[in-house]
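Undergrad: Given chain A, put chain B in place with the hints provided.
2 protein chains.
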Amino acid sequence: MPSMRRAPASLSETVARELEGMVKSGVLRTGDRLPSVRSFARQRGVSVSTVLLAYERLERLGCVDVRHKSGHFVAAPPQAPAPKRTRPKVSSAVSTLVKRLRHPSMVQLGGASVAPSLLPLRALNRTLSSLAREVSGLGARYENPRGLRTLRQQLVRRALSLGVTLDEDELIITTGATEALSLCLSTLARSSDAVAVESPAYFGWLQALEHLGIAAVEVPKSARHGLDLTALARVLEAGKVRALLCSPTVCNPLGSVMPEAQRAALAALLAKHHVPLIEDDALADTGWRGRRPKPVKAWDADVLWVGSVSKALALGYRVGWVAAGRHVAAVETGRLALSLAAATPMQAAVAEFLSSGAYERHLRKLGPSLEAQVCRYRAAVVKAFPAGTVVGEPAGGLLLWVELPEGVDAVRVCDAAAAAGISVAPGTLFGAAFRRCLRIGCGAPFDARVGAAIETLGRLAVDPKTRAP
Amino acid sequence: MPSMRRAPASLSETVARELEGMVKSGVLRTGDRLPSVRSFARQRGVSVSTVLLAYERLERLGCVDVRHKSGHFVAAPPQAPAPKRTRPKVSSAVSTLVKRLRHPSMVQLGGASVAPSLLPLRALNRTLSSLAREVSGLGARYENPRGLRTLRQQLVRRALSLGVTLDEDELIITTGATEALSLCLSTLARSSDAVAVESPAYFGWLQALEHLGIAAVEVPKSARHGLDLTALARVLEAGKVRALLCSPTVCNPLGSVMPEAQRAALAALLAKHHVPLIEDDALADTGWRGRRPKPVKAWDADVLWVGSVSKALALGYRVGWVAAGRHVAAVETGRLALSLAAATPMQAAVAEFLSSGAYERHLRKLGPSLEAQVCRYRAAVVKAFPAGTVVGEPAGGLLLWVELPEGVDAVRVCDAAAAAGISVAPGTLFGAAFRRCLRIGCGAPFDARVGAAIETLGRLAVDPKTRAP
Chain A
4 MPSMRRAPAS
14 LSETVARELE
24 GMVKSGVLRT
34 GDRLPSVRSF
44 ARQRGVSVST
54 VLLAYERLER
64 LGCVDVRHKS
74 GHFVAAPPQA
84 PAPKRTRPKV
94 SSAVSTLVKR
104 LRHPSMVQLG
114 GASVAPSLLP
124 LRALNRTLSS
134 LAREVSGLGA
144 RYENPRGLRT
154 LRQQLVRRAL
164 SLGVTLDEDE
174 LIITTGATEA
184 LSLCLSTLAR
194 SSDAVAVESP
204 AYFGWLQALE
214 HLGIAAVEVP
224 KSARHGLDLT
234 ALARVLEAGK
244 VRALLCSPTV
254 CNPLGSVMPE
264 AQRAALAALL
274 AKHHVPLIED
284 DALADTGWRG
294 RRPKPVKAWD
304 ADVLWVGSVS
314 KALALGYRVG
324 WVAAGRHVAA
334 VETGRLALSL
344 AAATPMQAAV
354 AEFLSSGAYE
364 RHLRKLGPSL
374 EAQVCRYRAA
384 VVKAFPAGTV
394 VGEPAGGLLL
404 WVELPEGVDA
414 VRVCDAAAAA
424 GISVAPGTLF
434 GAAFRRCLRI
444 GCGAPFDARV
454 GAAIETLGRL
464 AVDPKTRAP
Chain B
4 MPSMRRAPAS
14 LSETVARELE
24 GMVKSGVLRT
34 GDRLPSVRSF
44 ARQRGVSVST
54 VLLAYERLER
64 LGCVDVRHKS
74 GHFVAAPPQA
84 PAPKRTRPKV
94 SSAVSTLVKR
104 LRHPSMVQLG
114 GASVAPSLLP
124 LRALNRTLSS
134 LAREVSGLGA
144 RYENPRGLRT
154 LRQQLVRRAL
164 SLGVTLDEDE
174 LIITTGATEA
184 LSLCLSTLAR
194 SSDAVAVESP
204 AYFGWLQALE
214 HLGIAAVEVP
224 KSARHGLDLT
234 ALARVLEAGK
244 VRALLCSPTV
254 CNPLGSVMPE
264 AQRAALAALL
274 AKHHVPLIED
284 DALADTGWRG
294 RRPKPVKAWD
304 ADVLWVGSVS
314 KALALGYRVG
324 WVAAGRHVAA
334 VETGRLALSL
344 AAATPMQAAV
354 AEFLSSGAYE
364 RHLRKLGPSL
374 EAQVCRYRAA
384 VVKAFPAGTV
394 VGEPAGGLLL
404 WVELPEGVDA
414 VRVCDAAAAA
424 GISVAPGTLF
434 GAAFRRCLRI
444 GCGAPFDARV
454 GAAIETLGRL
464 AVDPKTRAP
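The listed protein sequences correspond, in order, to chains A and B.
Quick note on numbering: the working numbering labels position 225 of the first sequence as 228, and the sequence is numbered without any gaps.
Quick note on numbering: the working numbering labels position 264 of the second sequence as 267, and the sequence is numbered without any gaps.
Chain A extracted, bound-state conformation (with noise of 0.2 Å):
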């Protein structure tokens, strides 16, 4: 079977669809002149009718006008409303998907989180257990409310290696990264305010904003093709919003990585409008790779970088991170009002862990064997799901995100599976359009029982009950 079952493209649908990505994503822009039919038809090796039957396709679509005797142009953006506030509703999914991952015997596909087999725990726990017996007084007094230094100075170090130049002080340790977003919303935004939101959105980014009665503003994002720069330029122009929560690196659910060509354009318009960007890296340390693209923070100071060991190296230990820019003393207040100091000895383990240079050599280690494992999830993924499934092809992370075939109701599924043993989460999740789209956690070593889960959620796809209504 096909890995994707929808017809393989053209060539000249294939060329259509990169030119129409290079406009979503900003690299082309409203007027600019597409290359001449002949010279795009060289540059690429493919004949001219192909170019021609690419740009009447873009044409018929509304991307591309033909101005006569100039040739083809981008253009203006199509006449799609401007994204609209929502009030994110997702609390009662949210804790319906907690019951079922707490379920002691289903197979649990519902999480976003690496097995405990994967992760080096052990040692962890053994930096922690040295500290504890020699480190005099440890958790005696609060730290300093940005965080224990000796950690703030590793993450200042390892962002180095990353691209970015931090300064220590604008960094705050907090209870995960789950704080860190939390309190960078309720700084930038009051309730009745709105942020934008990339779209599909993680959803305890909606739970926040939920909790905290501050309205989305949805801006569709692709694997494919990034975030949709136009229609967040069209949010940015109504001046509505306060921040932007995106996750450019390992995107939860997508798994996509943008690339660093975006990062630079939506770096500069944010920067236009003055619209802050909070930049949730908490899924970048399960990247597959080498080296990774900059964060954004790379090319504005002022972002609210967020990170976190929850997801590469220890869940419960809650040690995640904000580093602030501008904002940290506004940060820093709210930390003293919500929480005063996240746990000393924690933060004194994974200063430890990083500084020995463990954690790096982790995860050197970690991202080939979460390839490894996605690949077998996907590839039981493919054969077991109906025609006309699109399955997400991620760059990194544990996450599948799975598209149904028309007329399927990924709610339903989800609930039918659960009903069988198995946690799977619905795309609903992560916005109330992907009625269609379930993400599957791949962070368990495949096996077995797995490659059943993943069969029966395949039967259940086709099955009568899970039809929407």
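Hints are not guaranteed to be accurate.
Intra- or inter-copy, both count: the list cannot distinguish identical chains.
[Stated by the list, open to error] Cross-link-like lysine to any residue pairs, in silico, SDA-like; alpha carbons within 25 Å at most:
id : residue 1 : residue 2
1  : K275      : A79
2  : K102      : S139
3  : K92       : D196
4  : K368      : R136
5  : K102      : Q157
6  : K102      : T336
7  : K386      : A126
8  : K468      : V385
9  : K92       : R245
10 : K72       : D303
11 : K92       : H71
12 : K243      : G216
Quick caveat, the hints were computed from the structure, so don't treat them as lab data.
Keep in mind the model is a prediction, meaning the values are calculated, not measured.
TA: Leaving out everything else, chain B in the frame of chain A:
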């Protein structure tokens, strides 16, 4: 020198104050008949004229109505304006205090933390060290979002010994009491809502309200009369507050402990108006003597009862909790949204420390140590401060609330003290009305350096530069 610098009260004044206290605390209510002059005199063993003078005094104060041939009756609440909504604004002052508290060479009278030398940190850290070495995969997973079950079970057991029956499923373990409190607030109120707070109010509450954009309605409280239930009733009748924040056991900053009779009246009054109580017991474990009054939670299972081991065990472990009654599901939703979970190893170590009995053994020693220490601080303050100073008489904890003579500006005293190398908290942190007050933290063992610092404070309180503008 006398311990109170005010002229000693006359006998009739004492009797009048006592009756006034009974009215304020709700023991006597509007329309209640006072005992006849004769019977009251007999009952108290004082002369009829003393009681007559006391009743006349109460009449002048508007507390008592005389009805011809019927006797004396508690008057309707005075025409004092009902407490108004205020917008707490303490963040910048708290930041100043936090900076001073972190100054390595200052004498620290500004904090509310027990010196590490009085805490069993070595034993606690040994417990953590053993667990980290022995419990396989400690910290590998998110625990139940409500927290580690072993810890919740220990808290249920401990609550029972304090006179409260908890359900382990109503408990949510948090990153310290601060997170528990802010979580309760953001769950029960939105920005633009208001909550009632006892006044003076712990500045951490005011900070959280400020950050969340929630207004405060201040309800007067005094160490002598407790919370002014008449004022609270007026606030509740206006029907515009989402909750009451109160610290009945070891109040911060007053150090007072609300008597049991007032607890019952408070619970009944709130229940009548369907307004939930957030009962902050963060300092309760620093109480001085044996049995403490039952928490208000004992009278109403739906009180949100907040506690912590920060004050009496380890600040840096960041382990607190809330027993939220019927509010638990809503609080849990907020907790998932805002911070997901507290660090597992910290919870495990505290659970083990409680379960072994080490915590209770420690508290039995801590109370008397703190009492002796606070007494030495208090004696030094009484000796060093000018006539007209009213020095609080705490019933527990480690805080002294000091009211300076008229004309002295406590903020100026604190600033001058900082310049002289002493941190101390100005009353304005606890409410705008407390410009004449200081909170002196007595957590560090009393020594010559502390004694000298208190003498300096006393001198500064009569220095022309600290006069109110």
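Undergrad: One pair to classify: K102 and T336, alpha carbons no more than 25 Å apart. Within, between, both, or neither?
TA: This pair counts as between: shortest inter-copy Cα distance 12 Å, intra-copy 34 Å.
Undergrad: I want to check one pair: K92 and H71. Are their C-alpha atoms no more than 25 Å apart within a copy, between two copies, both, or neither?
TA: Neither: 50 Å inside a copy, 64 Å across copies.
Undergrad: Could you place K368 and R136 in one of the four classes (within, between, both, neither) given a Cα distance threshold of 25 Å?
TA: between (30 Å within a copy, 24 Å between copies)
Undergrad: Check K92 against D196 for me: Cα-Cα at most 25 Å, and say if that holds within a copy, between copies, both or neither.
TA: Both: 16 Å inside a copy, 21 Å across copies.
Undergrad: Taking 25 Å as the upper bound on the Cα-Cα distance, should K72 and D303 be classified as within, between, both, or neither?
TA: Answer is neither; intra-copy 42 Å and inter-copy 82 Å both fail.
Undergrad: Between the shortest in-copy and the shortest cross-copy C-alpha distance, which are at most 25 Å for K92 and R245: within, between, both, or neither?
TA: Both ways: K92 and R245 sit 20 Å apart in one copy and 22 Å across, limit 25 Å.
Undergrad: Could you place K102 and Q157 in one of the four classes (within, between, both, neither) given a Cα distance threshold of 25 Å?
TA: Result: close only across copies, 23 Å inter versus 36 Å intra.
Undergrad: Checking K275 and A79: alpha-carbon separation at most 25 Å within a copy, between copies, both or neither?
TA: This pair counts as within: shortest intra-copy Cα distance 20 Å, inter-copy 62 Å.
Undergrad: If the cutoff is 25 Å on CA atoms, where do K243 and G216 land: within, between, both or neither? Let me know, please.
TA: both (15 Å within a copy, 19 Å between copies)
Undergrad: One pair to classify: K102 and S139, alpha carbons no more than 25 Å apart. Within, between, both, or neither?
TA: This pair counts as between: shortest inter-copy Cα distance 24 Å, intra-copy 40 Å.
Undergrad: At most 25 Å between C-alpha atoms: does K468 with V385 qualify within a copy, between copies, both, or neither?
TA: Result: close within a single copy only, 22 Å intra versus 79 Å inter.
Undergrad: With identical chains, the pair K386 and A126 could be close in the same copy or across copies; at 25 Å between alpha carbons, which is it: within, between, both, or neither?
TA: Answer is neither: 38 Å inside a copy and 56 Å across each miss the 25 Å cutoff.
Of the hints listed earlier, those the structure fails to meet are numbers 7, 10, 11, in rising order.
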